[in-house]
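Residue numbers (the numbering used here), protein chains in the order written: chain A, 640 to 995; chain B, 640 to 995; chain C, 640 to 995; chain D, 640 to 995; chain E, 640 to 995.
In case anyone wonders, no lab produced these hints; they're calculated from the structure.
Distance condition first, Cα-Cα at most 27 Å in a straight line; then the derived DSS-like pairs of lysine-lysine: (1) A:Lys741 <-> A:Lys864; (2) B:Lys992 <-> D:Lys992; (3) A:Lys714 <-> A:Lys741; (4) D:Lys890 <-> D:Lys683; (5) E:Lys833 <-> E:Lys859; (6) D:Lys936 <-> A:Lys992; (7) A:Lys864 <-> C:Lys864; (8) B:Lys936 <-> E:Lys936; (9) D:Lys960 <-> E:Lys960; (10) E:Lys714 <-> E:Lys741; (11) D:Lys992 <-> E:Lys992; (12) A:Lys741 <-> A:Lys881; (13) B:Lys890 <-> B:Lys741; (14) D:Lys859 <-> D:Lys759; (15) B:Lys992 <-> D:Lys936; (16) C:Lys741 <-> C:Lys714; (17) D:Lys960 <-> C:Lys960; (18) A:Lys992 <-> B:Lys936; (19) C:Lys936 <-> D:Lys936; (20) A:Lys864 <-> B:Lys864; (21) E:Lys890 <-> E:Lys800; (22) A:Lys936 <-> A:Lys992; (23) E:Lys864 <-> D:Lys859.
Output of the computed footprint for chain E on chain D, the stretches with three or more beta carbons under 8 Å from beta carbons of chain E: (24) 928-941; (25) 944-950.
Quick caveat: nothing in here was measured; it's all calculated off a predicted structure. Yeah, the Cβ is synthetic: ideal placement off N, Cα and C, and Gly gets one too.
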Amino acid sequence: MAVKKKKKSYKASNLPPGTMAYRGKKQTLVTDIEIVNYNKDHYKIFNSNRVEDAFDFKGTDHVTWININGLNNIKDIETVGLHYDLHPLTLEDIVNTSQRPKIEEFENYLFVVFKMLFIKNDDNLHYEHVSLIVGEDYVLTFQEADGDVFNDLRERLSNAKGRIRTQGSDYLMYSIIDAVVDNYFTVIEAFGDKVEELESLLFQAKNIDDSTPGQIQNLKQEILKIRRSIYPLREVINRMEKIDCAFIEEKTHSYIRDLYDHIVQVSESVDLYREMIWSLMDMHMTVISNKMNEIMKVLTIIATIFIPLTFIAGIYGMNFKNIPELEAENGYYYLWGVMLMLFVLMLIYFRRKRWL
Amino acid sequence: MAVKKKKKSYKASNLPPGTMAYRGKKQTLVTDIEIVNYNKDHYKIFNSNRVEDAFDFKGTDHVTWININGLNNIKDIETVGLHYDLHPLTLEDIVNTSQRPKIEEFENYLFVVFKMLFIKNDDNLHYEHVSLIVGEDYVLTFQEADGDVFNDLRERLSNAKGRIRTQGSDYLMYSIIDAVVDNYFTVIEAFGDKVEELESLLFQAKNIDDSTPGQIQNLKQEILKIRRSIYPLREVINRMEKIDCAFIEEKTHSYIRDLYDHIVQVSESVDLYREMIWSLMDMHMTVISNKMNEIMKVLTIIATIFIPLTFIAGIYGMNFKNIPELEAENGYYYLWGVMLMLFVLMLIYFRRKRWL
Amino acid sequence: MAVKKKKKSYKASNLPPGTMAYRGKKQTLVTDIEIVNYNKDHYKIFNSNRVEDAFDFKGTDHVTWININGLNNIKDIETVGLHYDLHPLTLEDIVNTSQRPKIEEFENYLFVVFKMLFIKNDDNLHYEHVSLIVGEDYVLTFQEADGDVFNDLRERLSNAKGRIRTQGSDYLMYSIIDAVVDNYFTVIEAFGDKVEELESLLFQAKNIDDSTPGQIQNLKQEILKIRRSIYPLREVINRMEKIDCAFIEEKTHSYIRDLYDHIVQVSESVDLYREMIWSLMDMHMTVISNKMNEIMKVLTIIATIFIPLTFIAGIYGMNFKNIPELEAENGYYYLWGVMLMLFVLMLIYFRRKRWL
Amino acid sequence: MAVKKKKKSYKASNLPPGTMAYRGKKQTLVTDIEIVNYNKDHYKIFNSNRVEDAFDFKGTDHVTWININGLNNIKDIETVGLHYDLHPLTLEDIVNTSQRPKIEEFENYLFVVFKMLFIKNDDNLHYEHVSLIVGEDYVLTFQEADGDVFNDLRERLSNAKGRIRTQGSDYLMYSIIDAVVDNYFTVIEAFGDKVEELESLLFQAKNIDDSTPGQIQNLKQEILKIRRSIYPLREVINRMEKIDCAFIEEKTHSYIRDLYDHIVQVSESVDLYREMIWSLMDMHMTVISNKMNEIMKVLTIIATIFIPLTFIAGIYGMNFKNIPELEAENGYYYLWGVMLMLFVLMLIYFRRKRWL
Amino acid sequence: MAVKKKKKSYKASNLPPGTMAYRGKKQTLVTDIEIVNYNKDHYKIFNSNRVEDAFDFKGTDHVTWININGLNNIKDIETVGLHYDLHPLTLEDIVNTSQRPKIEEFENYLFVVFKMLFIKNDDNLHYEHVSLIVGEDYVLTFQEADGDVFNDLRERLSNAKGRIRTQGSDYLMYSIIDAVVDNYFTVIEAFGDKVEELESLLFQAKNIDDSTPGQIQNLKQEILKIRRSIYPLREVINRMEKIDCAFIEEKTHSYIRDLYDHIVQVSESVDLYREMIWSLMDMHMTVISNKMNEIMKVLTIIATIFIPLTFIAGIYGMNFKNIPELEAENGYYYLWGVMLMLFVLMLIYFRRKRWL
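Could you build all of it, start to finish, from the sequences and the hints given here?
Okay, here's the thing in structure tokens:
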């Protein structure tokens, strides 16, 4: 699936650099814009579908957060770009959903790209390309579609007593990325459930069928995709901590350091599951080998018991003129005795070999 | 198990940063506080469940060690935080039991997080999240629950002639972490016993059953979890050695260097066992293959001996009108002779092949 | 194949350093030279087979792009080298098709070597050695043969309104390499299709035959070859970004940074496919093991059912004088009953074992 | 074995830091002390069991080498420590036989810990913990027990014309470590013999039995233990080369550089054998698979030949009223002809399959 | 083999440092010395077996290349060492054939050690230890035996018009090492042929026998040995490029940079073959598994067809009093019909399973 997406996303390659071309699969008819404006005493939130509505707040001493859902209306994004004086390459990266996480410093803003992972109601893992631009008194976020992980953050913003209301745009940026990273844990946890489920199935060596290697392979690819989405953010946050930028206050740095701790922890969990999945394949091979062993045992036990007995029966089915045993009065019954004895001896032998 | 814990610990994610939320599984009704106050001539120890009792000693020239058991009474920890002027993020990390080991320098204190591993009477390995704060003349430690590895340390403190009584809070910090690291050796040793036991079982190729791969898999996960608890402390101690901090005396640095030596040694042992466990899986596969070989051998020997003999018996069971052998006087006895000869030839053949 | 090429390319080793020796397999009779000359207002393109035609434009304030197809006419390349004052080692590298990607700074020009990968109409992947020299107002490119990935670029150049027309030779260099890197995506995508096709075959565990490991091995070698062509360019572009060179303008640097992002993304895709191919081999082994299991099951079921039954039939084929069952009126029918019962019991047993 | 030792060595953990506790297994009743005193013109060697005898030479312009065998007489070592003003941690490390190789600079001496590996007459590999202290005009060495690799060195010292007699204590230190490293080669060589022996057994695919994986596993652990003893010394010598220390002369540095070359070479050999041992396991699995193949072939050949023949014999053992073949005069002989023909066809088939 | 050599080479360990002890296997009776003296206008070459003949040219403004074949005549090498004022450790390294490649700067000369790999007429790969000393106006090379890769170089030297005649001793050093590195390509190419041959055998899955894993193992060891000879030179040349040395001219540096490019390319080829060989083992295991599968298939097909038929024949071989089928007129023919039908059904079943 990771591959499918990339494939589509490069149909439009060979465009001149700096050209905006939305390549994602999510289409929204109108760009949905959410505008939050706040300071210590004031808080306002409203939705709009005209980007121009967002610009009125620029220049005030309030912090303005403009959250734009939908990347296919390139016109709107260009309007924003013009208003906030964004570099053409920035605009290109905003709509290029295959752009990997990165951070870039520009003269008047900081540009951060990351992947938002979350599990919707359909229980599937969604990857959304999110761009964040932070300036002196504003934060812009661009998402592919509706639905995000910022509800707790919105609630905190609406709460007049929260620390966030007393802080600047840098703290808002931190809070947004923190919400994304916190949700990584939830995603990893859900993924871990799948891994453990499959593992416990393998432990019990039951319900193993031909689809199991395929399932393991799917988990492998899923974790590789998650890793590729999460890992680069580690480097991004590390660099963010070191950036010396006018509108990032000193005290925010300690929060970013804390964020870095979290992302390191997430990526270690990812690596842990990765190792676990890799060893699932070994487990599976062992389970198959054990099953084969069992099959062979059954065959060997049956064959080893009956082949000699059949041979004996064959002997006395021969038509030789002179076979004294055949003439004996109770020959048939003696024979059964001999056969039973042989049978019991075999059983003892298999017991000893621990095959039974 | 490692995974289970993480899962629970992230139920409460998406809280505002700096919020204290205890996520561990150990619950204590009242916070149990142990206070040790000492200098060269003086030594006092007492327990309390009121945190305020601990504050009387602050500011004296004695060293005060306040050891707090139980992280679920957030109120008490906040009181301590207020009294010692701790940063909100520090308080968050103290109660966040999934926080990985780290060290952080603050203006007036040093904050160290690590994992205490120890084997209780129930023979299980316990992981406890421990935070340590060291200031000019005090050391605070926060543990999840009762039970720790500091009994030897307490005894040394009570001994008036010990070196520790003449040293400051930095040496106490060193002694606490040293006790934790020393106990890692005991834990690794106990773990090594399990690995070696399983290995010697595999060597003898007996008692191997379907549960063996599961056991190996369990050891794999256990060692990965141990590694994740121990490894980051290596980096922490390395940084601790280099910190230039007012209340860490020069001579203590050589002790910390020694501590670093120990933690490196522990982590090398962990890696050694890790490699050993990984190769156990190979061993196991070989043992299974050998068993399969043996089963096949038995089958092949039985089949190879009796199938030709049964064929011969079949021949003389045919009802052809004119089979001269059947008419021979001692045909039956000659046949037995031929069959015996065949049997012996087969045995010789198998001997040569080293199958018998 | 990668190996074959190298083998041939080193027939002529042990030549004195700085000697030009074309070792590629593509031969063109006459060197085909394409000359593009442009500035904001002016644009001219023409083809020639005399290198001297290209020199007339030197020294004007226009940008001149001289694209030379065919490396086996060493004379022509020497003429160009003389005209543009190129170092002997540069000339040697231009015709040495086994030279790996690199960047070298000279006093008056920048020399970049890379591999152009593209899929021709024959659906095969072609590797072409391309050298690029950029000076104050000119760009020279040397290709092994006709056919390249620059058609979009040519179109943009011909378009009077494109940004490229207003920029210098450094931007042209960037555009050329960008076109090459963009095409890497197409190549990787096509390669990915092959990998996924084989993977889905393995998932369905059908059409697996003896040629499958060979196919996987081929993919392994192909991806290793692609990796060797692409990876070094990463380092090249990284160094290009840092080069402090008179004719690379500051604003072009941000484009090169963007290019670096792309090449990193390509190489991550390559690594992803590499891991996927490696795990295909595991998948294949599992599929084979599963097939073996199935074969063994069939054998075991047939043998386990019929061997005991055949034994019973053998018993009543014996010629003992006194076998009471044989004399029973309906003995034959009773026997069939017993045999059917045995048969059904066996089936139930196999059901339980999940073999049926 | 490596594990066993560690286990014992940590019985006494949790002692206060700086406490000397000998944990090795070698016990000597009296500490055996060897004292060598020399300069260009003078040479004296004598043994003693009173450490005080060694101190007379201190302060002269001669070089004194005091070699102490036996670490369990802690009293003696403490006396030495007092006399030469050694740090408590140094004394602790001298008797702590599980201390990994390291180098530490102190104000008035240099402290080096390493492992001496040598093969005694019993053909077993011995690991001995050696500490070396080098000061202005003396070298102290502490060994666990009698027996070392310094005999050649002693001879060179006794030879008045040797370079070593004209050099200071730094050159003696170099010579001692050089002797140890040189002996590593002998050890690795002997270990290599074992590896190659096992490998050639596997090559010939004979004498492979159930103990082989255990043997490979043993070699794995042995090489891991050797590696852990040797590898850290690499870093030690590297740091030694860079140490700027009053009593290490400039010209000695080039000898230490040479020593570093040697230790790098040793560790590369160790890695080479490590890789070889790891691939032995693969070899072994292949040998087992080949054996299984052979067993299966024998079974299949026998079964494939005789099962159809037995079927034919069964046909003519039937009691149908009307079987024309049975009535034919030479039916029996014709049947034999048919069977022989079948047999020959089978043989040809197996030949073609290269099974015979 | 690599191991054998090392083993012998360390018989003489424990010699005092700086002692020359030749440990190679190649013995020459007299040291063969080749002396080349040249400048732009002048060229002279002659052979001698007296080292003193080489010294006459010292001090002239010409470049003198003294190439000494045979390292077992230690006397001669000592004479050279005295004449050119070489360090004792340099002399030791010249004759120590197990010395790994390295570069060392001395006051008046540069000392380079590397391995010359070449394929002699006997088609075997030869490893020769070569030391090179370059001073102001001379180059000394020491080889183990006759035979080298410098014939092209000699020819270029004899050619009055070659660039090399106008350059100093630094360029001669570069040319010698360049010749060695160029020959690495030939060696790798020949090695690659062996790998590809074995690979194509495995692809065709024929001619696989018990010796195959041994062959793969041999290739593994060979490539590891080649790697150990070639890899360190990479670092050597990298350092050579950075050395700031009076007699290495600035313009030579760009040639050394080029040389570095070549050695990187060689080592990448080595790594490529290494990966290929490692995956050959996987290929081989798959081929074996496939063969086992085929064997099992044959057995299963034969057994599955004939076991039921034999059972039926057994049924009608029974001696029951009352078996109606036996009395039927055409019972025998009907039976054949039933058996044929069963046979055909089996074939259809196997077809469906793709076993036929």
